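*Asks:* Here is how the chains run, residue by residue.
Number of protein chains: 2
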Amino acid sequence: MKIIVDTLGADNGEKELLEASIDVYKEKKIQFVFVGDKEKIEPIIKEEIDSNDYEIIDTLEYITNEDDPVRAIRNKKNSSMVLAFNRLNDYDCDGIISCGSTGALLASATFITGRMDNVKRASLAAMIPTLKGSALLIDTGANADVKASYLREFTIMGNVFVKEVYGRQTPSVKLLNIGVESHKGNKLAKETYELLSKEKEIQFDGNIEARDIFMGKADVIVTDGFSGNIALKSAEGMATVLMGLLKKSLGELDIDNNSLYMISKTIKKNLSTFDYKEVGGAPLLGIKKPVYKAHGNSDRRSFYNALIGLTNYVEKDVVSIIKEKLND
Amino acid sequence: MKIIVDTLGADNGEKELLEASIDVYKEKKIQFVFVGDKEKIEPIIKEEIDSNDYEIIDTLEYITNEDDPVRAIRNKKNSSMVLAFNRLNDYDCDGIISCGSTGALLASATFITGRMDNVKRASLAAMIPTLKGSALLIDTGANADVKASYLREFTIMGNVFVKEVYGRQTPSVKLLNIGVESHKGNKLAKETYELLSKEKEIQFDGNIEARDIFMGKADVIVTDGFSGNIALKSAEGMATVLMGLLKKSLGELDIDNNSLYMISKTIKKNLSTFDYKEVGGAPLLGIKKPVYKAHGNSDRRSFYNALIGLTNYVEKDVVSIIKEKLND
Numbered sequence: 616m617k618i619i620v621d622t623l624g625a626d627n628g629e630k631e632l633l634e635a636s637i638d639v640y641k642e643k644k645i646q647f648v649f650v651g652d653k654e655k656i657e658p659i660i661k662e663e664i665d666s667n668d669y670e671i672i673d674t675l676e677y678i679t680n681e682d683d684p685v686r687a688i689r690n691k692k693n694s695s696m697v698l699a700f701n702r703l704n705d706y707d708c709d710g711i712i713s714c715g716s717t718g719a720l721l722a723s724a725t726f727i728t729g730r731m732d733n734v735k736r737a738s739l740a741a742m743i744p745t746l747k748g749s750a751l752l753i754d755t756g757a758n759a760d761v762k763a764s765y766l767r768e769f770t771i772m773g774n775v776f777v778k779e780v781y782g783r784q785t786p787s788v789k790l791l792n793i794g795v796e797s798h799k800g801n802k803l804a805k806e807t808y809e810l811l812s813k814e815k816e817i818q819f820d821g822n823i824e825a826r827d828i829f830m831g832k833a834d835v836i837v838t839d840g841f842s843g844n845i846a847l848k849s850a851e852g853m854a855t856v857l858m859g860l861l862k863k864s865l866g867e868l869d870i871d872n873n874s875l876y877m878i879s880k881t882i883k884k885n886l887s888t889f890d891y892k893e894v895g896g897a898p899l900l901g902i903k904k905p906v907y908k909a910h911g912n913s914d915r916r917s918f919y920n921a922l923i924g925l926t927n928y929v930e931k932d933v934v935s936i937i938k939e940k941l942n943d
Numbered sequence: 616m617k618i619i620v621d622t623l624g625a626d627n628g629e630k631e632l633l634e635a636s637i638d639v640y641k642e643k644k645i646q647f648v649f650v651g652d653k654e655k656i657e658p659i660i661k662e663e664i665d666s667n668d669y670e671i672i673d674t675l676e677y678i679t680n681e682d683d684p685v686r687a688i689r690n691k692k693n694s695s696m697v698l699a700f701n702r703l704n705d706y707d708c709d710g711i712i713s714c715g716s717t718g719a720l721l722a723s724a725t726f727i728t729g730r731m732d733n734v735k736r737a738s739l740a741a742m743i744p745t746l747k748g749s750a751l752l753i754d755t756g757a758n759a760d761v762k763a764s765y766l767r768e769f770t771i772m773g774n775v776f777v778k779e780v781y782g783r784q785t786p787s788v789k790l791l792n793i794g795v796e797s798h799k800g801n802k803l804a805k806e807t808y809e810l811l812s813k814e815k816e817i818q819f820d821g822n823i824e825a826r827d828i829f830m831g832k833a834d835v836i837v838t839d840g841f842s843g844n845i846a847l848k849s850a851e852g853m854a855t856v857l858m859g860l861l862k863k864s865l866g867e868l869d870i871d872n873n874s875l876y877m878i879s880k881t882i883k884k885n886l887s888t889f890d891y892k893e894v895g896g897a898p899l900l901g902i903k904k905p906v907y908k909a910h911g912n913s914d915r916r917s918f919y920n921a922l923i924g925l926t927n928y929v930e931k932d933v934v935s936i937i938k939e940k941l942n943d
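So the sequence lines, in the order shown, correspond to chains A and B.
Sequential numbering of the first sequence, starting at 616, is according to our numbering.
Sequential numbering of the second sequence, starting at 616, is according to our numbering.
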């Protein structure tokens, strides 16, 4: 298996990504194509990865979040993203992962690699943490305007993904909605409810409200990219606020450093059961080859988890299974 | 001013609502119509509120969240909600507040009291806490399917509301979207952005992402009821999860009760700066008379805040100002 790692555009630099790649190399039979600054990449990996098992595509250019994605992939021919996706088209490459601009990733995947023949829209999903483990939220922002038939497609792709990559036997699929009753929601939600109710190969368990997203009540949560993005980011905003207030509180405590350390450690331990770094990455589904988006602020652990997700995506041949299911 | 208080359907019973009403009575020249269980209401208020300043409409029936709202207001003629809205139609009543079913409140307001003549859709807004105070999120679930012209109407109504009721001189209005750039979002968001950019009487400051809802970057945040509901509930779900993990952490600490008390108190103090109870209630805008939805689990403090919001809604004659602005 040969995996392309776009090492540019990560908030914490390439070091964390490369160390995570080395961690995976020690566990799996895998080869890498690293795209990025050769001078920085080589010293980190050359003692750890056999020279037959990696190549480096040297470039310093990358696409930023400020760039218009479609224009950027046309104009920035030497950007790491474009070079990486061009390389992905070669027969010997199996999958790609990047922390870079989500828009550029979507554009590159769609225009350089291409959608699977029978897929109307590629969809960016995300494995999110729940109190009982994790769930796949699909879509999370790739498709702001959708039809019910697209959501049906997202559901089938997401269902295959969690089944194969996360080993869930019969994933519980739910539709994100503003009430649990079948008659609730906007026109899109009602039409999608109808469509999903007719699908025989998935376990459709009805609607889920946004307050239950993190409770572990579903394996796959289906929604349009606008709502999915808002659900994720609103929760992120609330977490930021509460963690800030908690930190402020601990700073105000009139206790010795030892006790403070103990308290912080206990809180951290419990919160880590709910850390997105344990889950990692977001698969882009519906593209001809496996594509993974890793968090912009990935560290070694989260990038490791995302890489493992991607290697499973490749090994289980999720692309072929999705193709087959969508042809039914 | 005469305010109708629907005392049934609150999670914590009528006592908290009545005590909050007494608190407001001590501050403002106000009369009440209490709708609910006379046997429970009378003993609590009769020593505190002059008998000329209240009446009680005695009933035990109420509409639950399980009832179909439109059918319920037709069939449950003696429910507190229906009796309350019938009374609101009398010339001497100025406003109404209820903790009961949101759907029934919307249906009663629309079908018993009626929308303002020039309003296409009534909108349920919510004052939400932010790190800098509060903001109005509009809509939060009354309108799952909307057009850009409805969102324009919501914006104008919300702008008047925070200006008059919360005294914000030039409210900063933003559109909830999945990116800050003007070209971002779904078709609805793009059309709404266009419309709002042309409004001269509001300060439209562009898009806001869901992660910034609670940061205090806007006074009015406009969105459709589907997205608004998801934004609110997703944040609520995240807060529930994090507070649960925090509580678990405190329970695991190996410290004396005195220290634990001190830690909890400090955390509570900081979190209370961000408590929805400090904000209170959700105005329904676009109805011929002021209507307020209070939280189902209202306590004395939150219901007091909602009542104060409602009395300002009445005193500032927000209904007339909205009418005037929409006629422009």
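Just so you know, not all the hints are guaranteed correct.
No distinction is drawn between identical chains; accordingly, a pair holds when it is met within one copy or between any pair of copies.
[What the hints assert, rightly or not] Distance condition first, Cα-Cα at most 30 Å in a straight line; then the derived DSSO-like pairs of lysine-lysine: (1) LYS883 - LYS863; (2) LYS931 - LYS862; (3) LYS904 - LYS655; (4) LYS653 - LYS904; (5) LYS735 - LYS630.
Simulated from the structure, these hints should not be mistaken for laboratory data.
All values reported here derive from a predicted model rather than from experimental measurement.
*Asks:* Each of the hints needs a verdict: does it hold here or not?
*Replies:* Against the structure, the hints come out as follows:
no., hint, result
1, LYS883 - LYS863, "both (15 Å within a copy, 11 Å between copies)"
2, LYS931 - LYS862, "neither (42 Å within a copy, 40 Å between copies)"
3, LYS904 - LYS655, "within (28 Å within a copy, 67 Å between copies)"
4, LYS653 - LYS904, "within (25 Å within a copy, 69 Å between copies)"
5, LYS735 - LYS630, "neither (37 Å within a copy, 56 Å between copies)"
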